[in-house]
Amino acid sequence: MTKFEYAPAPESTSIVDLKSEYGLFINGKFVAPKGGKTFVTINPANEKILAKVAYASNSDVDKAVIAATEAFKKTWSRTSPSERGKYLYRIARILQERAREFAVLETMDNGKPIRETRDIDIPLAAAHFFYHAGWADKLEFAGVGSNPKPHGVVGQIIPWNFPLLMLAWKVAPALATGNTVVLKPAETTPLTALLFAEVCQQAGLPAGVLNIVTGDGATGAYLVNHPGIQKIAFTGSTQVGKGIARAISGTSKALTLELGGKGANIIYDDAAIDEAVEGIISGIFFNQGHVCCAGSRLLVQESVLDEVTEKLKRRMSLIRVGDPLDKNTDLGAINSKAQLEKIHELANSGDSEGAQRWSPECELPGAGFWFKPTIFSGVAQSHRIAREEIFGPVLSILTFRTPQEAIEKANNTPFGLSAGIWTDKGSKILWTAQRLKAGVIWANTFNKFDPASPFGGYKESGWGREGGRHGLAAYVKVAK
Amino acid sequence: MLLNSVSVDELARDEESLKRFLRTLPPVDQVGVEGRAAMLSTRSIKNASKNFAIDLAIRMVDLTTLEGADTPGKVKALCNKAVRPDPTDSTVPHVGAVCVYNDMVSIARAHLDSIGGHDVPVAAVSTAFPSGRASQAVKIQDTKDALDAGAGEIDMVIDRGAFLSGRYGEVFDEIKLIKSLCGEKAHLKVIFETGELVTYDNVRKASFMAMLAGADFIKTSTGKVAPAATPPVVLVMLEAVRDFHIMTGRKVGVKPAGGIRTTKDAIKQLVLVNETAGEEWLSPNLFRIGASALLNDLLMQRMKMRDGRYSSSNYVTLD
Amino acid sequence: MARIDVLKTYKLYINGAFPRGESGRVYEVKDSKGAFLANPCQASRKDLREAVVAARAAQNGWVSATAYLRGQILYRAAEMMQARKSEFVDAIIALEGKSPKAASDEVDSAIDTWVWYAGWSDKVSTIAGSTNQVSGPFYNFTIPEAVGVVTIFAEAKSTLLSLVSSIGAAISTGNTCIVIAAEKAPLTAITLAEVLATSDLPHGVVNILTGKSAELVSWVGSHMDIDAVDVSGLTKKQEADVRLEGAENLKRIHRFTEVRSAQRILSFVENKTVWHPIGI
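Residue numbers (our numbering), protein chains in the order written: chain A, 1 to 480; chain B, 1001 to 1319; chain C, 2001 to 2280.
Bound-form chain A, shown alone (with noise of 0.2 angstroms):
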């Protein structure tokens, strides 16, 4: 070796048990799905198969329905809410005793860094069931109204961004409420999930409390349209979510949507430059740019636009692309082949609207999902980059000249999810933190999640919050 080259540091899958077949969880216990229907999970950095997954059909949905509500009315309406928050506990600490198991199934199946996982993923999973715990016995006290009262069974539609930790935003409070849940995964990410119900078995959570069914669209819709649940927690597309709303207007089905976003993040010209190109890397290229909140429409005030580009390049050249269970791997694997196809696609109409694409010398696996990490200069608030979320690892740069032009451009969307300021003076940040429309804004930083911290859009980006005490709203019910 005559150069520091960093050395293949794969994490050793020997930690996971994978089976070759995983069944519906379903009342305390893995069943075969009715009819026997399955389908399969692949890894998408090398597209082997994984496992054989169950696919529920429309009765094994109903029995899921029932079971949770049967638990809701015998078992856990009847668990005193401290105890309710123990067995939150006890889940949490399992997820942090099993943490590496977690970590590698999760890098395995979703394609996400083992750094990821390792570090934010499985940790904060685990956070938020801690976190949850704590509330169960203080609703009284969260603000939310008087009287909080579950709203009964939650059916809950998860993505496949981060797989277990959406799986956590949403289940842990729900039980912590006092609601009991059927949980639908991601068609290709459902395997964390059900190593969660083993998690659930460990813990001696009662039966039919959590219920899991793997399947596709078609299975979230009818868990969706199921007159057996009375509230519905969605995070997912924009199209999907105002769908579900569709679906549910004339029912009396509460609903919290988390949906897209084409978060600003911008920076001013007294702005932190380094730390501000760290955070629009993470901000981008955070788990492949698979990040509702990303911050995908990069804002640079044209006084630094040369200084920030060129410090980015730099450090985009530094973004280490490959194995996803390589300890020092920065970018992974997309996460399936439609995913991939509709980053080419939005890329390539880049291309064609007139933007100017850089992406950093790499070598890209040859099988499996990948796309380079990925800028464009010279975007306009009308390009289709600047408006769609293209959900992977491709920035647009814009430019603006005054506080008032950033603001104008950043609010100049459907979405309002999330957003990021950099700058050194206090007033600015909070000048633009008061002006800006998206539910999440990052001062000086990028992509920071907490239990603790609400976390949520505004407009088309969603319905309600997740965390903080916020987030309790959504799983209860009040007089109002």
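You may find that some hints are simply not true.
[As the list claims (entries may be wrong)] List time: in silico PhoX-like cross-link candidates among lysine-lysine, alpha-carbon distance up to 20 angstroms:
no.: 1; chain 1: B; residue 1: Lys-1185; chain 2: B; residue 2: Lys-1019
no.: 2; chain 1: A; residue 1: Lys-253; chain 2: C; residue 2: Lys-2236
no.: 3; chain 1: B; residue 1: Lys-1264; chain 2: A; residue 2: Lys-327
[As the list claims (entries may be wrong)] Which chain C residues face chain B? A few, computed with CB under 7 angstroms, are given here:
no.: 4; residue: Pro-2137
no.: 5; residue: Pro-2277
no.: 6; residue: Gly-2279
no.: 7; residue: Ile-2280
[To be verified] Where chain A lies over chain C, by a calculated footprint (3+ residues, C-beta under 8 angstroms):
no.: 8; segment: 2120-2133
no.: 9; segment: 2233-2247
no.: 10; segment: 2255-2264
no.: 11; segment: 2269-2275
I should point out that these hints are in silico values taken from the structure, not numbers from a laboratory.
Every residue gets a Cβ at the ideal spot worked out from N, C-alpha and C, and that includes glycine.
Following the hints, put chains B and C in place on chain A, whose structure we already have.
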């Protein structure tokens, strides 16, 4: 922006210009820079890259003794170690330099020469190390003594009192003065004592000021004050040399010193270099590590890599 | 010979002015005994459009005003209402067939409800905001902010009280609104508009339309510049229509039954969470 030397001089024409320039430097966000350093510390360096890193780190060590109790015997032993870190393995490279107080320079130089260590320079700490609290005349004499005794490198301390009270011109002029004494004879390393400057903004300012004044290296600490060479401090200094290179075309080295005791610590530093200033800085010409205990840990790790079993301090020399 | 009263022409209230409806249509409103009362305007979708434009234009100014100022302006409305109490009492007796005592009580209660909501304006973030103890060197806080433009379908019973609670809850936090008065009982709404017009409320913050709510339901539901809808005055079927159409821009849609309820306020705010590092 590439500046030629004339405009570099222009930036520090007088104290006002210097202050104005230092004010234009972007601020450093503490949480952000610490987050970046923490992320880089998760890099996993294994197998061939670890072998490479260990030997590189050995070549970068400024093997140091800076004690009131230093004696010729102690310094000579250190010199032996510097030239042949592992007497049982001749493939181990020699260290970057031997670093001593100025009254030990001639002893170190003579001993190194006598054992074939001609290419191991002696670095002398200077300008009333470690506090820097002395008259300029004393500081000048201190430096001259070291140079006369054969120091190839001068590790000067800045006047932190002057820096913290905003008398940047004074600090700048003093660095320039010492640099002029060093001339072509010796490399100048400028020690900030970052533990006393406290903020990363100060570290960045001090870095640019020292580089503008002609420093060949910027160095974190004396080793007498904690915290010393923490990864984020080194990261800020590496950013500074990187940006100064882009700005002027001149490459300035970085020397963390203090608190780097294990191979793991040293490899973290190399990762910082690799992913901040870039691979050109991965050379003893541009990166040194001021240390004493570190060397033995590097040697023990080297044995582990070679023999496949964990070593013991019985198999490295305690000097 | 008895003096002939001067009767009031009931008009719409849009952007601080009292225009007639764009379509020129009126409809007859009768009192509880079936006698003619008035010919208020039957607002069209174009009147709705104008009202939304006015509400949107007023939004930034109103939400940027200090909460203290908003509170004072709401309180001023209560003062103005107090001064016109007898007019409201007469309208309620005529429209809702209530006894003079019951009507008087309703007006008193409505005035007090204004005052109740006026007092909320500068307490909402104290009660509904939070600082969040995240595990890291960050200051993290959540503040409620007005959702934007709210359309209110007013209820037909206790019209004044329901109007005051809907409007007061919406605008105290900085929302602007379009009120669609109860079809059969719109006169209290128009009289309320006259109160608001003389209470320092910036033009466009509250806009009031009268007419047939059934013909506006779908236009409200589908209007992409309306952020939220109070469907308390709609049937379940109409509410479902608003929800169906409103899904296109994910309107926040709520039905209320409580008169004085913090939930009314909290339903029409968005929570914004801000992170900032703590460092030197």
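Cross-check of the supplied hints:
Distance hint between B:Lys-1185 and B:Lys-1019 is unfulfilled; the C-alpha atoms sit about 30 angstroms from each other, more than 20 angstroms. For the suggested pair A:Lys-253 and C:Lys-2236, the alpha carbons sit about 13 angstroms apart, so the restraint of at most 20 angstroms is met. Of the pairs offered as hints, the one joining B:Lys-1264 and A:Lys-327 holds, with about 16 angstroms between alpha carbons and a cut-off of 20 angstroms not exceeded. Look at C:Pro-2137: its Cβ gets to within about 5 angstroms of chain B, closer than 7 angstroms, so that hint holds up.
The closest approach between the C-beta of C:Pro-2277 and any C-beta of chain B is roughly 3 angstroms, which is under the 7 angstroms cut-off, so the hint is satisfied. This hint holds: C:Gly-2279 has a C-beta 3 angstroms from the nearest C-beta of chain B, less than the 7 angstroms allowed. With a cut of 7 angstroms, the hint placing C:Ile-2280 at the interface with chain B holds, because the nearest CB-to-CB distance is about 5 angstroms. A stretch counts as covered by a chain when three or more of its residues have a beta carbon under 8 angstroms from one of that chain; for the segment 2120-2133 of chain C and chain A the count is 5, and the coverage holds.
Counting residues of the segment 2233-2247 of chain C whose C-beta sits closer than 8 angstroms to any C-beta of chain A gives 6, which meets the bar of three, so the coverage hint holds. Counting residues of the segment 2255-2264 of chain C whose C-beta lies closer than 8 angstroms to any C-beta of chain A gives 7; at least three are required, and the coverage claim holds. With a threshold of 8 angstroms between beta carbons, the proposed coverage of the segment 2269-2275 of chain C by chain A holds, since 6 of its residues qualify and at least three are required.
Violated hint for the displayed structure: number 1, the only one.
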